[in-house]
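**Q** Residue numbers (this note's numbering), protein chains in the order written: chain A, 1 to 328; chain B, 1 to 268.
Be aware that a few hints might be false.
Stated by the list, open to error - Some chain A residues flagged as far from chain B (calculated, every beta-carbon gap over 12 Å):
1. 20
2. 85
3. 193
4. 194
5. 221
6. 301
7. 315
Said to hold, decoys possible - Label pairs and their calculated CB-CB ranges:
8. A:263 / B:9: 56 to 62 Å
9. B:7 / A:29: 53 to 59 Å
10. B:7 / A:150: 35 to 41 Å
11. B:4 / A:128: 38 to 44 Å
12. B:156 / A:29: 27 to 33 Å
13. B:264 / A:140: 26 to 32 Å
14. A:158 / B:4: 16 to 22 Å
15. A:285 / B:106: 34 to 40 Å
16. A:246 / B:264: 53 to 59 Å
17. B:188 / A:140: 34 to 40 Å
18. B:12 / A:125: 32 to 38 Å
FYI, nobody ran anything at the bench for these hints, they're computed from the structure.
By construction, the Cβ of each residue, glycine as well, lies at the ideal position given by its N, Cα and C atoms.
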Amino acid sequence: MTPPLLEADALTKHFPGRRGLLDMLRRRERPVVRAVEALSLDVRAGETLGIVGESGCGKSTLARCLVRLHRPDAGVLRFRGTDVDALSEADRRRFNRQVQMVFQDPYSSLNPRMTVRAVLAEALAVHKVVPPDQIEGRVAALLDLVHLSRDAAERYPHEFSGGQRQRIGIARALAVEPSVLIADEPVSALDVSVQAQIVNLFLELQERLGLTLVFITHDLRLVRHLAHRVAVMYLGRIVETGPTAELFAAPRHPYTQGLLRAVPQMAAGQGRVRRAAAITGGLPSPLAPPPGCSFHPRCPIAEPACSTAVPALAARGGAWPVACRLAG
Amino acid sequence: MRRISVPLWLGLGILALLLLCAAAPQLLWPTDPLAFDFAALTAAPSWAHPFGTDQFGRDMLARTIAASSVDLQIALFSVVFPLMIGTLIGLAVGWYGGWLDAVFGRLVDLVVTFPFLVLVIAIVAVLGPGLVNMYIAVACVGWVAYARLIRGEVMVQRNSDYVAAARVLGYSTARIVFRHILPNALRPVLVYSVTDMALCILLGSSLGYLGLGAQPPTAEWGVLIADGKNFFTTAPWITLFPGVAIVLAGLGFSLAGDGLADLLEVKR
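Work out the full structure: start from the sequences and follow the hints.
**A** Shown next as structure tokens:
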């Protein structure tokens with residue numbers, strides 16, 4: 001087995017919440033949003049790892065921790081076995097070049113006052129990817145790579161559609177020749193027809209460039225289509241992770257089982273859509289996560305013991321790790 | 001190319017006229033603004049002197065035109081320095097936030113508590129009258145407005161994804177702040193600065209009138225009005241035409257400022 005390219009070890013990220021004057025007078029402690037809680041994850045070279053979870057489960061925070069936009073409060077992020085936190089300024093730049101990100105909102109992720117050429121040329125020039133006289137040619141090559149016409153270089157972001165903007169964002173990330181691409185909900189802001197084009201672009205790029213892809217989404221169908229491995233996230237933790245096909249066929253964690261049941265099934269010939277069996281209740285607040293297994297209030301098979309200890313992510317007699325004391 | 005609106009055309013037209021007055025006064029009205037015409041003391045407007053003459057027989061049209069270069073200079077300098085200082089401070093405060101922002105907030109409170117004009121007059125009174133000291137006083141007070149505008153914009157922009165993308169690309173703070181954030185934060189400041197030029201002409205004229213700004217015999221609209229105030233009942237044209245010039249300049253800058261606001265509106 002190839003060693004992990006990017007490895008998160010017990011990564012934790014909390015955000016300070018708001019505390020009113022009254023709370024201060026009552027000497028209440030400042031509330032803490034537990035966005036990512038002791039999360040461990042490894043990304044192997046060349047694979048696509050899908051991270052799924054409901055909105056608010058900490059997916060985006062995790063993505064931002066992985067590209068170092070957020071400094072984790074605890075835990076270690078390793079790239080090719082080296083602690084990213086211990087890197088010198090110059091090495092940090094090299095890390096930045098290696099691990100790039102594609103953002104969710106194609107509208108706010110591009111500088112409205114820079115042409116596509118300026119955006120791409122800047123990335124190429126700052127990291128000295130190519131000598132200055134070759135920047136022009138490389139910009140054209142990048143546009144070809146993401147299937148944008150070459151005259152797009154002269155235009156500003158507002159002249160493009162959402163899908164085209166997302167292609168520009170991808171080209172910007174690829175300009176510095178990264179080995180890992182973190183895509184945070186890259187298609188959820190797009191029309192379904194455009195989603196497919198962008199997803200296919202990711203597949204094609206991965207094949208052509210040998211990219212390692214971390215694809216974060218709430219859409220299980222996308223993960224099934226794209227990912228080699230899946231990690232299911234619930235309230236800042238990974239609850240189950242395994243190979244996509246096997247995990248979708250036989251999910252082990254009750255949350256994963258519920259998620260998969262909740263996907264509406266449409267079979268040809270059947271007159272009506274089978275009603276999806278949704279997980280009851282909403283995502284608990286990350287301000288006050290339930291004690292023990294954070295899924296137990298919504299879990300159909302929970303036992304009293306589930307509310308006391310946090311279950312570790314372990315094999316538990318199965319082929320892949322799951323964080324449920326009743327699985328196995 | 002976006003269409004330039006009618007008010008912007010009008011504003012730019014007035015400003016062009018003022019610029020012409022400042023650049024080539026002889027071209028518009030060849031009379032010497034300092035020449036005395038003892039045959040026509042405080043003469044009413046006529047073909048020879050369309051704006052009349054003052055108590056020394058100096059041609060008011062020539063003097064009003066001559067004053068435009070001083071007043072445009074006032075508009076420019078009392079905006080440029082606060083603009084530059086305020087922009088730099090606003091960028092720093094908006095980007096770093098924290099205690100810097102807290103200190104800035106108190107400083108802003110302190111400055112806005114005083115009426116602008118009163119504070120400027122107080123500083124000029126300490127430094128001594130004159131145009132240079134007036135610019136210093138205006139810069140001391142005026143930067144606050146610019147810094148607040150920039151700070152607010154920076155705080156919005158710094159949380160946007162394109163800034164996050166720049167950070168992920170490993171760009172330096174200077175590059176992110178000056179190349180990415182500043183161009184997106186500058187619009188309200190530029191628009192405000194043009195409107196501010198109108199206010200600064202009024203301020204310069206006020207200080208000139210009070211004897212704290214431009215010093216006689218420099219022709220400056222406020223100084224001209226002050227000169228004429230004793231003859232207002234007998235020779236109102238001495239004060240009237242410089243007043244009209246001030247209004248016209250203010251209108252020109254205001255219209256141009258409004259038009260610029262529409263023109264610079266960024267598309268997303």
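**Q** Determine for every hint whether it applies to the structure shown.
**A** Status of the hints after comparison with the structure:
The Cβ of residue 20 of chain A sits about 19 Å from the closest Cβ of chain B, beyond the 12 Å cut-off, so the non-interface label holds. At roughly 16 Å, the least C-beta separation between residue 85 of chain A and chain B is larger than 12 Å, which holds for a residue marked as non-interface. At the 12 Å boundary, the C-beta of residue 193 of chain A stays outside the reach of chain B, the nearest C-beta of that chain being 22 Å off. No Cβ of chain B comes within 12 Å of the Cβ of residue 194 of chain A; the nearest lies about 18 Å off, and the non-interface call holds.
With a minimum CB-CB distance of about 25 Å to chain B, residue 221 of chain A clears the 12 Å threshold, and the non-interface call stands. Listed as a non-interface residue, residue 301 of chain A keeps its Cβ farther than 12 Å from every Cβ of chain B; the least gap is roughly 40 Å. Taking the minimum C-beta to C-beta distance to chain B, about 34 Å, the non-interface status of residue 315 of chain A holds against the 12 Å cut. In this structure the supplied range 56 to 62 Å holds for residue 263 of chain A paired with residue 9 of chain B, their Cβ-Cβ distance being about 59 Å.
For the pair residue 7 of chain B and residue 29 of chain A, the supplied restraint of 53 to 59 Å holds, since their beta-carbon distance comes to about 56 Å. For residue 7 of chain B and residue 150 of chain A, the hinted distance range of 35 to 41 Å is satisfied, since their beta carbons lie about 40 Å from each other. At roughly 42 Å, the beta-carbon separation of residue 4 of chain B and residue 128 of chain A lies within the given 38 to 44 Å, and the hint holds. Separation of residue 156 of chain B from residue 29 of chain A is about 31 Å and conforms to the stated range, judged on CB atoms against 27 to 33 Å.
For the pair residue 264 of chain B and residue 140 of chain A, the beta carbons lie near 31 Å from each other, so the given range of 26 to 32 Å is met. Under the hint 16 to 22 Å, the C-beta atoms of residue 158 of chain A and residue 4 of chain B, about 20 Å apart, fit the expected range. Checking the proposed 34 to 40 Å range against residue 285 of chain A and residue 106 of chain B shows it holds: the Cβ atoms sit about 35 Å from each other. At roughly 56 Å, the beta carbons of residue 246 of chain A and residue 264 of chain B sit within the given window of 53 to 59 Å.
With their beta carbons about 36 Å apart, residue 188 of chain B and residue 140 of chain A fall inside the hinted range of 34 to 40 Å. For the pair residue 12 of chain B and residue 125 of chain A, the supplied restraint of 32 to 38 Å holds, since their beta-carbon distance comes to about 37 Å.
Figure legend: structure checked against the earlier numbered hints; every hint is met.
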